[in-house]
Amino acid sequence: MRGISVVLTLLSIVCCYAQVDKTAEEWLQKTFQAYNQLQSLQSKTTLTVLMVTPRYPEGMPIQKYLYAYTAQAPARINLLVKDMNAQGEGQRYLSDGQTFKAGTESKPVANSGAALLEHLSSAEVVPCYDLVFLIGGKNSQEKFRKQITQLKVAGETEKQVTLAGRIKNERGKEDGLEIVIDKETLLMRSLKIRTEVKIEEQPGAFVLLMEFEPTPNVAVSEQTWTGK
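Numbering (our numbering), first residue to last: 1 to 228.
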């Protein structure tokens, strides 16, 4: 019986990975490699949270943020986060690779991308996935890949390819996933995660949409990371 159990477990693993299309896997790995090879990355990224209900099937925006940043692996960043539904210029976050600064608060980074991402999360900043892949490096990329349970090429044009599938969330359930990749740079143009929920006892969803405007390999200097 134990042997049968082991075989069934192995079969379940094979079936799980079989749901990730080979071509989609290749596009994802090309994207990871593109982020690994960047000397620096600049982007203006819009992060939107949509609430989907029977009344608003296309989604009603309930939160919207603009992220303007320059970043360099493993742990340098100049990031401005602005709430598009609030007054003010937003909050700036800086890291020169050694120290992370948010307002008057400073924390050590020690040239660690993982530490920088942790400090951003502690400051209630949702790290964009391009930053996760760039700063988090191969460990973050592999963690993201292992969470994917289904992936296929859902669309392709001359300029971009769309991958669609499912990804496990922190609760162990699966969310919808869509990634649009620019064919020329192999960087992401958008990433969408859809979580199915009940809203007022009706079927609904919350959608996290990240839309990227990446400029790879911009010129940087030490002043970039000090904000001066």
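Keep in mind the hints are simulated off the structure, nothing from the lab.
Even for Gly, the Cβ is constructed at its ideal location relative to N, Cα and C.
There could be a bad hint or two in this list.
Claimed, not checked - Taking lysine-lysine pairs in the PhoX-like style, the calculated list, with each CA pair at most 25 Å apart, reads:
hint : residue 1 : residue 2
1    : K82       : K143
2    : K198      : K183
3    : K101      : K64
4    : K152      : K107
5    : K44       : K101
6    : K143      : K168
7    : K30       : K183
8    : K159      : K192
9    : K82       : K138
10   : K138      : K168
11   : K146      : K30
12   : K192      : K173
Stated by the list, open to error - DEER-style ranges, computed between Cβ atoms:
hint : residue 1 : residue 2 : range
13   : K146      : G88       : 37 to 43 Å
14   : E213      : R171      : 41 to 47 Å
15   : K138      : P57       : 35 to 41 Å
16   : E184      : K138      : 22 to 28 Å
17   : G88       : N139      : 32 to 38 Å
18   : K138      : E105      : 25 to 31 Å
19   : V153      : P57       : 23 to 29 Å
20   : G176      : E89       : 31 to 37 Å
21   : K138      : E213      : 33 to 39 Å
Hint-by-hint comparison with the structure:
no.: 1; hint: K82 / K143; result: violated (28 Å)
no.: 2; hint: K198 / K183; result: violated (37 Å)
no.: 3; hint: K101 / K64; result: holds (23 Å)
no.: 4; hint: K152 / K107; result: violated (41 Å)
no.: 5; hint: K44 / K101; result: holds (20 Å)
no.: 6; hint: K143 / K168; result: holds (11 Å)
no.: 7; hint: K30 / K183; result: holds (10 Å)
no.: 8; hint: K159 / K192; result: holds (19 Å)
no.: 9; hint: K82 / K138; result: violated (29 Å)
no.: 10; hint: K138 / K168; result: holds (19 Å)
no.: 11; hint: K146 / K30; result: holds (16 Å)
no.: 12; hint: K192 / K173; result: holds (16 Å)
no.: 13; hint: K146 / G88: 37 to 43 Å; result: holds (39 Å)
no.: 14; hint: E213 / R171: 41 to 47 Å; result: violated (31 Å)
no.: 15; hint: K138 / P57: 35 to 41 Å; result: holds (39 Å)
no.: 16; hint: E184 / K138: 22 to 28 Å; result: holds (23 Å)
no.: 17; hint: G88 / N139: 32 to 38 Å; result: holds (35 Å)
no.: 18; hint: K138 / E105: 25 to 31 Å; result: holds (29 Å)
no.: 19; hint: V153 / P57: 23 to 29 Å; result: holds (25 Å)
no.: 20; hint: G176 / E89: 31 to 37 Å; result: holds (34 Å)
no.: 21; hint: K138 / E213: 33 to 39 Å; result: violated (25 Å)
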